[in-house]
Amino acid sequence: MPQPAENQSPEQKPKRWVYLLPLGLFAVLMVFFFFGLGLNPRLLPSPLIGQPAPEFSLPKLSNANELFQHTDLKGEISLLNIWATWCTSCRQEHPVLMKIAKSKQVPIYGLYYKDVPDQGVVWLQNYGNPYRENAVDEDGKVGIEWGAYGTPETFLIDQDGIIRYKHVGPISWNDWETKLLPMINSLRNNNDV
Amino acid sequence: MTPKQKQRFILVSLLVVGLGTGIGLVLMALNENINLFFTPSQVVAGEVPPDQRFRIGGMVTQGSVEKLDGELTVLFKLNDSVKEVQLKYTGILPDLFREEQGIVAEGKLNKEGVFIADQVLAKHDENYMPPEVEHALKVSGGDYYDDEVKE
Amino acid sequence: MIPELGHFALILALAIAIVQAIIPGMGLLCRRADWMAVAKPAALLQFALVLIAYGALTYSFIVHDFSVLYVANTSNSELPLIYRISGVWGAHEGSLLLWVFILSTWTAILAIYSKRYPVDMGAGVISVLGFISIGFILFTIFTSNPFLRHFPAPIDGADLNPLLQDPVMAIHPPMLYMGYVGFAVPFAFAIVALVQGRLDTAWARWVRPWALTAWVCLTGGITLGSWWAYYELGWGGWWFWDPVENASFMPWLTGTALIHSLAVTEKRHALRNWTILLAIISFSLSLLGTFLVRSGVLTSVHAFASDPTRGVFVLAFLGLVVGISLSLFAYRAWQLRTLTPFSLVSREMALLSNSVLLLVTMLTVLLGTHYPLILDALGGGKISVGPPYFNSVFIPLMIPVVFLVAIGSLIRWREDSVSTLIKQLRTPAVLAIVFASVLSLLLPGKASFTAWFALLLAFWVINSCYVQLLQRLRHSHSLMQGLRKTPRGWYGMILAHIGLGFTVVGIALSSVYSQEQDVHMVKGDDRTLGEYRFELVDVERITGPNYQADMGTIRIYKNEKELMTLHPEKRIYNVRKNVMTEAAIHSNLLRDLYVSLGEQRNIDTGAWSVRLYYKPFILWIWLGGLFMVLGGLLAVTDKRYRLEVKQEKIKLDANHAPAS
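Chains as they are written, first to last, in this note's numbering: chain C, 1 to 193; chain F, 1 to 151; chain S, 1 to 660.
Treat the hints with caution; some may be incorrect.
As the list claims (entries may be wrong) - EDC-like mimics (lysine to aspartate or glutamate), calculated; alpha carbons at most 16 angstroms apart, straight line: (1) C:141 to F:99; (2) C:114 to F:69; (3) F:77 to F:51; (4) S:523 to F:32.
Unchecked claim - Far from chain S by the CB rule (all over 10 angstroms, computed), these chain C residues: (5) 23; (6) 55; (7) 62; (8) 66; (9) 67; (10) 71; (11) 77; (12) 126; (13) 186.
Rather than coming from a laboratory, the hints here were simulated on the basis of the structure. Even glycine gets a Cβ: it sits at the ideal position worked out from N, Cα and C.
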């Protein structure tokens with residue numbers, strides 16, 4: 001059997017490479033997985049950032065006869081959170097919203113998205129209500145105008161009703177402390193100046 | 001040393017042949033069977049070469065679904081909140097096909113710019129949005145101004 | 001109180017798993033028999049604790065304890081008892097607990113029979129399994145705890161996904177998991193063999209029943225899953241090359257290679273490192289299967305559904321387990337390599353070729369599954385790799401595999417001559433050509449080369465099986481004696497290979513000769529499909545236990561004679577409002593008639609879109625799977641795995657006694 005000369009060397013180096021091959025392939029795969037993890041788009045550019053909040057006028061969840069309007073968002077820095085009872089990630093996010101609400105740093109408004117009002121009322125009774133007020137967007141039209149393509153999503157709106165930031169996916173306490181809260185503080189400071 | 005070398009030779013050549021065939025097949029198949037994904041904005045902007053099969057993803061536009069009578073053809077529009085594309089599909093729609101629902105369709109554009117779908121996919125999960133739809137909406141959001149300039 | 005008990009038991013189980021992993025492991029390295037002796041009681045105790053945890057969660061499901069978040073998310077007060085029990089593994093958290101439970105069960109069984117192995121081997125294996133258990137329990141407790149409470153409890157739960165409310169789907173996941181987790185045992189044996197440098201035929205004999213059991217469970221799980229998809233998803237497909245399916249299919253491919261390579265290692269002491277590598281790969285793919293699919297990294301499904309902490313944990317654990325074992329392999333297997341020469345024309349060679357082909361097939365599936373992810377990571381845009389890719393790669397690779405199955409089971413070990421082989425295989429080959437030709441002429445519909453070729457391959461395998469039987473009998477005195485003397489493992493192999501032939505027949509004939517029509521029908525309409533005429537008699541509204549449905553009545557005629565009436569349904573489940581298609585199927589060995597309702601097209605005319613399928617021989621796909629499972633079970637019960645192991649033990653105990 002003809003063999004290349006180096007195969008006959010006592011160290012058998014080429015052979016050792018063969019044994020390292022599975023490890024090498026696996027390492028390559030791991031690199032891709034790592035990037036794959038990083039791919040989940042969490043910071044998304046939104047055309048709405050820097051723009052006034054889209055106009056809307058929807059019934060309130062607490063009282064269907066009253067309207068909640070985009071103008072209600074002006075005058076104070078606030079968060080607008082898009083949620084629904086069918087959304088499991090919202091349930092995951094909920095304790096964080098409760099904590100934020102308790103901290104009294106900023107009011108949270110809710111856009112109750114593509115869901116039945118009664119269920120939302122029960123849900124809030126069961127789990128607790130972090131929202132100052134909820135707008136019921138039963139057919140999801142307003143949500144679309146806000147550029148929502150999933151739940152939960154959260155918008156940071158400044159004193160003038162301008163959208164400053166959009167967070168996609170559930171907010172973690174870390175997100176609140178490292179992203180949202182610093183932004184809120186800097187918005188406040190700018191205003192004071 | 002001879003049987004040792006022989007066995008090693010057999011092993012190595014087997015691996016090489018096996019892997020070679022595998023890689024060859026894979027490359028051929030990947031070349032032919034990959035579907036590129038386009039968003040309604042890209043389609044409207046004419047980014048899709050003619051006669052190419054591709055996938056399109058977006059939200060089914062509210063009020064756009066029209067079921068033709070006496071046959072299985074359905075007309076509907078898909079949007080990515082910026083642009084809209086007309087689709088035509090003949091067949092049975094998935095259970096989760098609804099207006100305002102994210103779906104992915106596979107097929108070709110015809111001369112009139114109508115997307116003739118031969119497959120419509122919607123996933124069996126309320127919380128699920130096909131990743132490509134999500135991507136479509138994301139991209140349409142990000143490139144919003146660029147598209148306006150182009151128009 | 002009960003969920004807290006379960007949570008507490010799980011934490012204790014973690015502590016015990018740490019003991020189980022570290023002390024016997026140290027005992028193995030330091031050669032301390034007293035430390036190794038900890039393995040068995042620790043494994044049993046861990047099992048008892050996990051059993052309590054698992055029981056506690058099941059109890060919470062049965063009594064509708066909706067204060068447990070997981071129960072509230074996956075159950076409902078209307079849910080029937082059986083689905084409350086199966087609901088435990090209806091979502092991520094519970095299925096992880098099931099994973100841990102099955103792992104500790106396998107470990108406990110191994111511990112009970114640990115006297116069959118040398119003390120150090122048994123202790124080492126239990127230690128490795130303990131390490132895996134630590135990882136899984138940590139993952140469960142920190143990222144996916146099913147025992148979390150939430151206050152106040154909701155009045156009712158969000159219900160189990162209706163897709164999972166099906167008897168087959170209730171047992172499919174545990175089967176699959178038993179397979180996945182089952183490969184942890186050969187993996188542990190492989191690791192200990194590498195550490196100890198003990199890699200002999202006895203070792204292979206200890207591992208074989210475990211690898212076979214895992215393979216049987218995985219085969220069963222995949223077969224059930226495919227059958228379920230066929231009748232439950234409502235459009236007659238049975239395999240979609242979906243990432244979730246691929247995740248279970250990849251370890252099956254390498255697992256199949258593993259059980260064959262183990263046979264070579266046991267009989268001929270050859271391909272030892274190859275066997276070790278396959279054991280490591282099979283378990284790694286099982287980890288990939290459970291983890292990455294569940295966490296959503298692999299499919300990168302909904303960005304919100306995949307929790308990044310889970311993803312990072314998964315990746316770290318996978319990297320640790322696979323990285324360490326492959327490094328160990330690179331370092332030790334190289335040192336342990338030996339050569340057992342065999343000729344190009346030998347059974348070793350045939351089995352090796354097939355396992356290489358299976359491995360390559362697995363790699364192509366792996367690539368196809370991850371290609372979108374890879375391309376995306378490289379900035380190549382969004383693409384999808386569909387079934388055409390997999391079919392055009394998989395089928396050409398499987399043809400030589402099936403071809404070699406017949407040769408591999410007939411050819412002699414070590415060395416055979418091509419001429420004797422040809423002489424043996426001449427008859428089955430000629431018969432296969434005759435059978436395939438006759439049968440493809442008898443089949444209704446146009447003659448097809450694909451169908452003929454598939455039949456040829458299937459008969460080639462099946463014919464070779466009875467040639468082998470005849471060969472065996474020729475060497476024995478009487479028929480009965482010959483049959484009795486033949487070990488069960490051999491019968492198992494024959495059965496599994498026949499099963500493979502059946503599956504090939506089913507896949508080829510059903511895909512070539514199927515007739516499908518999606519049609520628009522109003523009451524009284526009829527459509528003809530081949531020899532069958534389908535008439536839509538009525539569609540009425542009915543009420544089920546937890547759903548509302550439109551039920552169709554479709555009468556089927558053959559030659560104007562009424563054959564049967566089928567009732568497909570379109571259900572809407574009360575709680576989640578999911579729409580589900582329940583197909584109505586009439587099966588026999590020759591064909592399936594498949595009817596499902598699409599959607600109501602027009603309320604005024606009562607028009608519906610309806611799917612009508614005629615699928616010949618499709619049942620054979622799963623029948624083949626059943627045969628493979630039965631064959632595997634038969635092989636597991638082979639006497640030699642018990643008897644010879646006992647002798648081994650006595651011999652080895654004598655050897656190891658002074659060490660302790």
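- Message: At 10 angstroms, judged by beta carbons, does residue 71 of chain C keep clear of chain S as stated?
- Response: holds (30 angstroms)
- Message: Using Cβ atoms and 10 angstroms as the threshold, tell me whether residue 66 of chain C really stays out of contact range of chain S.
- Response: The claim holds: residue 66 of chain C sits with its nearest Cβ about 26 angstroms from chain S, beyond 10 angstroms.
- Message: Confirm or reject: residue 23 of chain C is not an interface residue toward chain S, with every Cβ-Cβ distance exceeding 10 angstroms.
- Response: violated (4 angstroms)
- Query: Taking only the CA atoms, is the gap from residue 77 of chain F to residue 51 of chain F under or equal to 16 angstroms?
  - Reply: violated (20 angstroms)
- Message: Quick check for students: does the CB of residue 55 of chain C sit more than 10 angstroms from each CB in chain S?
- Response: Since the minimum Cβ distance to chain S is about 27 angstroms, residue 55 of chain C lies beyond 10 angstroms and the statement holds.
- Task: Given the hint that residue 141 of chain C pairs with residue 99 of chain F, test it: the Cα-Cα distance must not exceed 16 angstroms.
- Result: Holds - the C-alpha atoms of residue 99 of chain F and residue 141 of chain C are around 11 angstroms apart, at most 16 angstroms.
- Straight-line alpha-carbon gap residue 523 of chain S to residue 32 of chain F, limit 16 angstroms: Given pair residue 523 of chain S, residue 32 of chain F is violated - Cα atoms ~43 angstroms apart, limit 16 angstroms.
- Status of residue 62 of chain C, Cβ more than 10 angstroms from any chain S Cβ: Residue 62 of chain C clear of chain S: closest Cβ-Cβ about 19 angstroms, beyond 10 angstroms.
- Message: At 10 angstroms, judged by beta carbons, does residue 77 of chain C keep clear of chain S as stated?
- Response: holds (25 angstroms)
- Query: Is the nearest CB of chain S more than 10 angstroms from the CB of residue 186 of chain C?
  - Reply: holds (26 angstroms)
- Message: Beyond 10 angstroms on every Cβ pair: is that true for residue 67 of chain C relative to chain S?
- Response: Residue 67 of chain C clear of chain S: closest Cβ-Cβ about 28 angstroms, beyond 10 angstroms.
- Message: Checking a non-interface call: every C-beta of chain S should be farther than 10 angstroms from the C-beta of residue 126 of chain C. Is that right?
- Response: violated (5 angstroms)
In this structure, the hints that do not hold are numbers 2, 3, 4, 5, 12, in rising order.
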